[in-house]
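*Asks:* Sequence:
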Amino acid sequence: MINVRQLVISFLFISIIGHVSFSVLAQDNKRALKIGIVDIEFVTRQSLMAKDIARQIDIKRREFMGEIKEAEMSLRTADEELQKKRVLLSPEAFNDEARKFRVKTTNLRKKVQDRNKELSQLRSIANRAMEKAIARALSEITKANGYNLVFRYSPQVILVSPNFLNISNPVLTRLNKDNPVYDVSKIKLKDGK
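Its first residue numbered 569, the sequence shown is counted upward by one per residue in the working numbering.
Among these hints, one or two may not hold up.
Ranges of calculated distance between the beta carbons of each label pair, as one might list FRET restraints [stated by the list, open to error]:
| # | residue 1 | residue 2 | range |
| --- | --- | --- | --- |
| 1 | Q614 | N675 | 20 to 28 Å |
| 2 | Q681 | Q651 | 20 to 28 Å |
| 3 | K745 | K668 | 52 to 60 Å |
| 4 | L656 | V749 | 56 to 64 Å |
| 5 | A661 | E699 | 51 to 59 Å |
| 6 | N713 | S642 | 58 to 66 Å |
| 7 | K668 | D626 | 31 to 39 Å |
| 8 | T612 | K711 | 17 to 25 Å |
| 9 | D751 | A666 | 28 to 36 Å |
| 10 | F732 | A622 | 44 to 52 Å |
Derived pair list, reagent style BS3-like, types lysine-lysine, alpha-carbon separation capped at 27 Å [unchecked claim]:
| # | residue 1 | residue 2 |
| --- | --- | --- |
| 11 | K745 | K678 |
| 12 | K754 | K700 |
| 13 | K745 | K700 |
| 14 | K637 | K679 |
| 15 | K754 | K678 |
Hints in this document: simulated from the structure, not taken from any laboratory.
In this text, a Cβ means the ideal position worked out from N, Cα and C, and glycines have one as well.
Modelling step: build the complete structure from the supplied sequences, incorporating the hints.
*Replies:* Below is the structure:
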């Protein structure tokens, strides 16, 4: 049922585009309809900027994981020492030490949450910058080549995409030329970090 619906939508899309382009040409020979289709997901996956962002965020993630592992090792050592002191300390002193240990554990959990939030913010801000860069590259390509109708490729909407309408590679080339890298370290996080 879904395939039939998609086929009908594709047929209607192609029919409308064909009809619109012929009627536009018939009405005004000076103004031809130039159509393009861009696959944003392809451009994003293949771009140098996206690969650079992913590499930098992975480095940050590894740094954070190193910090967390170090803190966990410290907590394990502190827990072992606390268990050894259990028989040596009075119940009140042991409870005080146990409370201090729980505070350290809570602080570590908060640190993990903060680091995950930072990574999420970094990804989000970098992705927005990526989207803006793609939009600029797409805008430049459409203006330079005179496209007056550009569709975003989606397999759910456009089942058949003729190669001569695909402008993904020129957009990717422009994006890679204009924005081959993105410096994640310059991102200002909301917490001021």
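*Asks:* Falls inside 56 to 64 Å, the C-beta gap from L656 to V749?
*Replies:* Given a distance of about 57 Å, which is inside 56 to 64 Å, the answer is holds.
*Asks:* Taking 44 to 52 Å as the stated bounds, is the beta-carbon spacing between F732 and A622 within them?
*Replies:* violated (32 Å)
*Asks:* Take the C-alpha atoms of K754 and K700, compute the straight-line distance between them, and say whether it is at most 27 Å.
*Replies:* holds (17 Å)
*Asks:* Given the range 31 to 39 Å, decide if the beta-carbon distance of K668 to D626 lies inside it.
*Replies:* holds (35 Å)
*Asks:* When you take the CB atoms of K745 and K668, is the distance between them in 52 to 60 Å?
*Replies:* Because 57 Å falls inside the window, the suggested range holds.
*Asks:* Take the C-alpha atoms of K754 and K678, compute the straight-line distance between them, and say whether it is at most 27 Å.
*Replies:* holds (24 Å)
*Asks:* Please test the hint of 17 to 25 Å on the beta carbon pair from T612 and K711.
*Replies:* The hinted range 17 to 25 Å holds for T612 and K711, with Cβ atoms some 21 Å apart.
*Asks:* I want to verify a distance hint. Is the separation of the beta carbons of Q681 and Q651 within 20 to 28 Å?
*Replies:* Cβ of Q681 to Cβ of Q651: about 27 Å, so the range 20 to 28 Å holds.
*Asks:* Between the alpha carbons of K745 and K700, is the straight-line distance 27 Å or under?
*Replies:* Judged against 27 Å, a Cα distance of about 15 Å means the pair holds.
*Asks:* Between K637 and K679, is the straight-line Cα distance small enough, at 27 Å or below?
*Replies:* holds (12 Å)
*Asks:* Given a hint of 58 to 66 Å, does the C-beta separation of N713 and S642 actually sit inside it?
*Replies:* holds (59 Å)
*Asks:* Does 20 to 28 Å hold as the CB distance between Q614 and N675, or does it fail?
*Replies:* With a Cβ separation near 42 Å, Q614 and N675 fall outside 20 to 28 Å, so the hint is violated.
Checked against the numbered hints listed earlier, the structure breaks hints 1, 9, 10 and 11; every other hint is satisfied.
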